[in-house]
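Participant: Please take these sequences and the hints and turn them into a complete structure.
Here's the letter readout for the chains.
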Amino acid sequence: MFLKRIFYPAIIFPVLLWLAGCSMLHTETVEPVPAPTERPTDRKVEPAPILRPSRPVEPEVRPSTPRRSPAAVTGLQRTAAKQVRAGQFAQAAATLERGLRISPGDPRLWQQLAAVRLEQKKWRLALNMAAKSNSLAGQQQSLQAGNWQIIAQAWQALGNSAKARHARNKARSLSGR
Amino acid sequence: MPRQKRRKRKTSRKKPAPGSVRRWTLPLLVRGTALLLLILTCYVVYLDYTVRSQFEGKRWALPARVYARPLELFNGQQLSRTSLLKELEAIGYRKDSRLSKPGSYWRNGNNFQLVTRKFVFWDGAEPARKIAFSLSDSTVTHLRQRDTGGPLDLARLEPIRIGGIYPAHKEDRLLVQRSEVPAVLVDALLAVEDRDFYEHYGVVPSAILRAAWVNIKAGKTVQGGSTITQQLVKNFFLTNQRSLVRKANEAIMALLLEWHYDKDEILEAYLNEVYLGQAGQRAIHGFGMASRFYFGRPLNELNTSQLALLVGIIKGPSWYDPRRHPERARDRRDLVLSLLHDQGKLSKKRMQAAQKHSLQVIPKPRTSITDYPAYLDLVRRQLRRDYRDEDLRSEGMQIFTSFDPYVQWQAEKALQRRVKQLERQRKLKPGKLQVATVITSPEQGEVLAVIGGREPRQGGFNRALDAVRPIGSLMKPAVYLAALEQGYTLASKLDDSPLTLKIKQDERWSPANYDRKYHGQVMLHDALVHSYNVSTVRLGLDIGMDRVAESLQRLGVNRKVHRYPSLSLGTAAFAPVEVSQMYQTFAANGFYSPLRAIREVLDANGKALQRYPLTVEQAFEPDYMYLINTTLQSVITDGTGRSLNNIVPRGLNVAGKTGTTDDLRDSWFAGFTGSHVAVVWVGLDDNGVAGLTGASGAMRIWGDMMAAINTQPLLLARPETVQSFWIDETTGLLGSERCEQARVLPFIRNSEPDSHAECAGGVFSDTIERVFDFFGSD
Numbered sequence: 017m018f019l020k021r022i023f024y025p026a027i028i029f030p031v032l033l034w035l036a037g038c039s040m041l042h043t044e045t046v047e048p049v050p051a052p053t054e055r056p057t058d059r060k061v062e063p064a065p066i067l068r069p070s071r072p073v074e075p076e077v078r079p080s081t082p083r084r085s086p087a088a089v090t091g092l093q094r095t096a097a098k099q100v101r102a103g104q105f106a107q108a109a110a111t112l113e114r115g116l117r118i119s120p121g122d123p124r125l126w127q128q129l130a131a132v133r134l135e136q137k138k139w140r141l142a143l144n145m146a147a148k149s150n151s152l153a154g155q156q157q158s159l160q161a162g163n164w165q166i167i168a169q170a171w172q173a174l175g176n177s178a179k180a181r182h183a184r185n186k187a188r189s190l191s192g193r
Numbered sequence: 005m006p007r008q009k010r011r012k013r014k015t016s017r018k019k020p021a022p023g024s025v026r027r028w029t030l031p032l033l034v035r036g037t038a039l040l041l042l043i044l045t046c047y048v049v050y051l052d053y054t055v056r057s058q059f060e061g062k063r064w065a066l067p068a069r070v071y072a073r074p075l076e077l078f079n080g081q082q083l084s085r086t087s088l089l090k091e092l093e094a095i096g097y098r099k100d101s102r103l104s105k106p107g108s109y110w111r112n113g114n115n116f117q118l119v120t121r122k123f124v125f126w127d128g129a130e131p132a133r134k135i136a137f138s139l140s141d142s143t144v145t146h147l148r149q150r151d152t153g154g155p156l157d158l159a160r161l162e163p164i165r166i167g168g169i170y171p172a173h174k175e176d177r178l179l180v181q182r183s184e185v186p187a188v189l190v191d192a193l194l195a196v197e198d199r200d201f202y203e204h205y206g207v208v209p210s211a212i213l214r215a216a217w218v219n220i221k222a223g224k225t226v227q228g229g230s231t232i233t234q235q236l237v238k239n240f241f242l243t244n245q246r247s248l249v250r251k252a253n254e255a256i257m258a259l260l261l262e263w264h265y266d267k268d269e270i271l272e273a274y275l276n277e278v279y280l281g282q283a284g285q286r287a288i289h290g291f292g293m294a295s296r297f298y299f300g301r302p303l304n305e306l307n308t309s310q311l312a313l314l315v316g317i318i319k320g321p322s323w324y325d326p327r328r329h330p331e332r333a334r335d336r337r338d339l340v341l342s343l344l345h346d347q348g349k350l351s352k353k354r355m356q357a358a359q360k361h362s363l364q365v366i367p368k369p370r371t372s373i374t375d376y377p378a379y380l381d382l383v384r385r386q387l388r389r390d391y392r393d394e395d396l397r398s399e400g401m402q403i404f405t406s407f408d409p410y411v412q413w414q415a416e417k418a419l420q421r422r423v424k425q426l427e428r429q430r431k432l433k434p435g436k437l438q439v440a441t442v443i444t445s446p447e448q449g450e451v452l453a454v455i456g457g458r459e460p461r462q463g464g465f466n467r468a469l470d471a472v473r474p475i476g477s478l479m480k481p482a483v484y485l486a487a488l489e490q491g492y493t494l495a496s497k498l499d500d501s502p503l504t505l506k507i508k509q510d511e512r513w514s515p516a517n518y519d520r521k522y523h524g525q526v527m528l529h530d531a532l533v534h535s536y537n538v539s540t541v542r543l544g545l546d547i548g549m550d551r552v553a554e555s556l557q558r559l560g561v562n563r564k565v566h567r568y569p570s571l572s573l574g575t576a577a578f579a580p581v582e583v584s585q586m587y588q589t590f591a592a593n594g595f596y597s598p599l600r601a602i603r604e605v606l607d608a609n610g611k612a613l614q615r616y617p618l619t620v621e622q623a624f625e626p627d628y629m630y631l632i633n634t635t636l637q638s639v640i641t642d643g644t645g646r647s648l649n650n651i652v653p654r655g656l657n658v659a660g661k662t663g664t665t666d667d668l669r670d671s672w673f674a675g676f677t678g679s680h681v682a683v684v685w686v687g688l689d690d691n692g693v694a695g696l697t698g699a700s701g702a703m704r705i706w707g708d709m710m711a712a713i714n715t716q717p718l719l720l721a722r723p724e725t726v727q728s729f730w731i732d733e734t735t736g737l738l739g740s741e742r743c744e745q746a747r748v749l750p751f752i753r754n755s756e757p758d759s760h761a762e763c764a765g766g767v768f769s770d771t772i773e774r775v776f777d778f779f780g781s782d
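Residue numbers (the working numbering), protein chains in the order written: chain A, 17 to 193; chain B, 5 to 782.
Source of the hints: derived by calculation from the structure; they are not laboratory data.
Be a bit skeptical, because a hint or two may be false.
As the list claims (entries may be wrong) - With a straight-line Cα cutoff of 30 Å, these simulated DSSO-like cross-link-like pairs (lysine-lysine) come out:
1. B:K221 to B:K267
2. B:K134 to A:K98
3. B:K417 to B:K436
4. B:K611 to A:K98
5. B:K122 to B:K134
6. B:K174 to B:K90
7. B:K611 to A:K137
8. B:K319 to B:K90
9. B:K319 to B:K352
10. A:K138 to B:K105
11. A:K98 to A:K138
12. B:K122 to B:K436
13. B:K319 to B:K62
14. A:K98 to B:K122
15. B:K352 to B:K105
Facilitator: See the structure below:
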């Protein structure tokens, strides 16, 4: 009950709302994509110091910082939003998949697809899509939080309260930071 | 009643009949005629039934049409000029500075203008529109609507048709409606075949008599008195034999057809029925398909001279074949044009202009059914799960696939060139070396290209799907992945010293390394990078063969495998497409997506029937995948795949694995970039010795293919739970840059070695580390 009444509207709704209103809200709610300047660029592998010899070294390839998708993808997200509003979930999924062909590494698209699948009660698919989004989300914590919320909701629907609780906690800690 | 009749007959018989012959003749004649009329009426009713049921039912078995992916245009898209031009050519766009009709384009340097055609996709119609864009550095920029000048986010061109699934008689047609048919075509058709079409009742007796007279005089058939209705009847309902009975049937049916249906319906049926050419086994019927077959574009885009040629061909599609007999075809076309002029349907000026045109015919499609038999084979197999074969062959369904023509073309070219080169190099008998490849997209598992043999355009044995061969070392990443999940790290030490296993009572097996050497204690990372066999067998045994098999299954391989220790070395046999599925899961960072060739299925009228959506299932945690995938990158930078760097740019950061089987029978390579996963197998059909290792055979083909297509670098996303450390290679302990042989390796947090190698301070560093941990810094 708690889930249906409070949790669902409070947590899942915003994701769908974002999807539905992504065109309008885009500039406000867009994830802070780490700007190139924020990234320590030319940090070379540090020489092993006498102290702290086993300090982790910088990897050669940085954690992925998803690049902004082309405008074409934004347009498709807008279309998908309309389709979601009209309850055309299968069409919305097709539109988002078209977006993924253009920008396969865009975690936002994967998340929106997860949200659509959740709405269709395809719980397993929804949580796997959300996990996929997480694997591409890099440092974008609020995006990750959204994914964990989807995962929590899906596990709850599948009757696994423990996993749902774990996911919810993950979501809270990520959005709390 | 019957009794009465009988009685009557009896009485009449009893009557004496002197000279009754005359009295008998008349009733007999009447009765006979009546009977004949009755039979004839029954027959006509039967013919009427035949005509109506066939004409109103499904008139033709329409083959399923299979399409490639549509080319999407958007700002920022990677697109070379060559690939764009090839695509436009394949969908029959014509270069036209006036951009007068849909299906035309104009290029000025790197600036393109297109008038696109309308096309119905699964998610609705893409309208015909005028667009413009530039290509700079093989990237689309300044995409805009040409009429408004406003920006345009996204446009897609109609897809290339890559083949069909045909009815047994292999008739191919693309239905056209009467309203879509250009007036000139109808004018020309009637001028040549049936001037009074709109006036007669289906049969013109005077014309038949005239034709008969001419034929009798000539002693053979030189003229046909058939109307278009009769011709339709002949082709549609009757066999091809010539006889009086058939001729009579034809006339009756023509009258019936005219009685039931109006002229335009009959004409439309004729336009779709008429036979207009042959492409191997495929019979080209109707003007819609003939237009594509001869000119590569839809009927409504043809000019007068092209339309006249099509009408001219009707008389003898083989005799007037414009590709084989251009002179003859041209004369015939010009005759049609002058007939049009004679009847006042074409001005003299326009006739002369049309007669000046060349034939404008495109080259004949290379094979009859499809140019891409291996890919189409995959499509059919996937369709058969959901559709009946007869429906595929007759319902005119439209199948939209993920086939990428440019990737396929480039792959074919690269592969064919390299196979010949390999044969020369290895002094193999020419024509023997075989090859197969499957190319997919990493994140979605969409199949982009399939090649089933060294002659990709010829059908036959589809090695990509059916050549089941031992995969050799391509198996190893599955073993190592399972080991990482069991707590091994990339720095774990493995034993690569001699090993003998007891298989059966008196059978022993001693795995050997490819270089015939043993390497003692090796790091897990190096064992995979250099593809050491002995240490891999030990590793497999340590984690258990069940776990290896389970790992394979989670990677997406459904085939049952044996559980002998040699499984770790890839003695299990898979088809290339199965290996593709397996490496797909690596490329997608542990997310399994079943390989799909089909995106959507529409019915003949463009109504959506089914979509095959993207699904993902997390099979492995991204951190284990990251460790394996970085190691697969090391295979290319430092290991068995080093020579790939001579073929593809280093910046692609390819991850891959070579595979070679006993006595160099099978040569495999599986690898991926940021946008393509490809698996290549090379070997001999009779399982003989090809003499190629994975690196010297399959990997070279792989490299050539990747170098030729526009592929993106692989940028692995490092999960937050993974950290990198310097590792001393000799001990596998924490090292530093100062160690003689040290390298940076990734570890899942807290799985890194907890002690330091001597070169990195040894126990002293360990102590300092503990102190730091105690104070909880960082």
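Participant: None of the hints should be skipped; say for each whether it holds.
Facilitator: Going through the hints against the structure:
no., hint, verdict
1, B:K221 to B:K267, "violated (33 Å)"
2, B:K134 to A:K98, "holds (25 Å)"
3, B:K417 to B:K436, "holds (18 Å)"
4, B:K611 to A:K98, "holds (21 Å)"
5, B:K122 to B:K134, "holds (11 Å)"
6, B:K174 to B:K90, "holds (28 Å)"
7, B:K611 to A:K137, "holds (25 Å)"
8, B:K319 to B:K90, "violated (34 Å)"
9, B:K319 to B:K352, "holds (24 Å)"
10, A:K138 to B:K105, "violated (45 Å)"
11, A:K98 to A:K138, "holds (20 Å)"
12, B:K122 to B:K436, "violated (46 Å)"
13, B:K319 to B:K62, "holds (27 Å)"
14, A:K98 to B:K122, "holds (23 Å)"
15, B:K352 to B:K105, "holds (24 Å)"
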